[in-house]
Amino acid sequence: MNALEATGVWKFYGDFPALREVSFQAPAGGCLALLGRNGAGKTTLLRILAGLSRAGRGQVRILGGDPRERETRARVGVLGHGISLYDELSALENLTLFGRLYGLAEARERALEWLERTGLERVRDARVREFSRGMRQRLGVARVFLHEPAVLLLDEPFTSLDDRASALLQELLRAAIRAGRTVVLSTHQLREALQLATQVALLVRGRLAYTGERSAEMLEDPGWLYRQYGEG
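Numbering (this note's numbering), first residue to last: 37 to 268.
Hint data in this document are derived by calculation from the structure and do not stem from the laboratory.
Even for Gly, the Cβ is constructed at its ideal location relative to N, Cα and C.
Just to be clear, a hint being listed does not mean it is correct.
To be verified - Now the in silico label distances, taken between C-beta atoms and shown as ranges:
| no. | residue 1 | residue 2 | range |
| --- | --- | --- | --- |
| 1 | 107 | 264 | 19 to 27 Å |
| 2 | 162 | 44 | 43 to 51 Å |
| 3 | 202 | 152 | 12 to 20 Å |
| 4 | 168 | 145 | 22 to 30 Å |
| 5 | 203 | 93 | 35 to 43 Å |
| 6 | 199 | 144 | 29 to 37 Å |
| 7 | 44 | 252 | 17 to 25 Å |
| 8 | 117 | 57 | 23 to 31 Å |
| 9 | 215 | 136 | 22 to 30 Å |
| 10 | 107 | 51 | 30 to 38 Å |
Assemble the whole structure, with the sequences as input and the hints as a guide.
Below you can see the structure in the form of structure tokens.
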């Protein structure tokens, strides 16, 4: 079964087509690296996959369901540019709240576990408004993994992370893939993305220029895909 399916997806902002006839499939238990220059449409596509925006034309299915339906969204973890945290709550309060919203029976215990795993246990009672950008990003990562989603949609997840935190995130993503979860990863950090990826999709000015398995050429030379498809 495919974890994600997009069929003929268009998205318009006024008369401007940000996405043009995008179609692809991603099987369960893999990592799709969503690549492209700034303005290529990566964030727009991720927002549609997450159910946060509606396609102008076409259809998207996540785990066989509509991404805007509550049952589907409960099985998806999303990390976007806004991170979606409450500044006036502590790190522990944030994760506990999200855990309860996801219906976790032991929300506080799960929150404490993920604060430890992301290196934030010492600041668990500090308000998020006091956090650095990197600390907020780590808390956002903890929120995404908190409810053990079947699908992870990540937009520039390595932003503001130091080397240690980046390595931790890579290992968390590898563990998720080994557990049969599906990861869609949009990032400008090509080497990190391609090391994790089982599949690659390249967007060029809103169109899908390439989709397929990650190849040895991509691993050996991260810029190969851009040059091969006219983005070099």
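Going through the hints against the structure:
no.	hint	verdict
1	107 <-> 264: 19 to 27 Å	violated (40 Å)
2	162 <-> 44: 43 to 51 Å	holds (47 Å)
3	202 <-> 152: 12 to 20 Å	holds (18 Å)
4	168 <-> 145: 22 to 30 Å	holds (26 Å)
5	203 <-> 93: 35 to 43 Å	holds (41 Å)
6	199 <-> 144: 29 to 37 Å	holds (31 Å)
7	44 <-> 252: 17 to 25 Å	violated (31 Å)
8	117 <-> 57: 23 to 31 Å	holds (25 Å)
9	215 <-> 136: 22 to 30 Å	holds (24 Å)
10	107 <-> 51: 30 to 38 Å	holds (35 Å)
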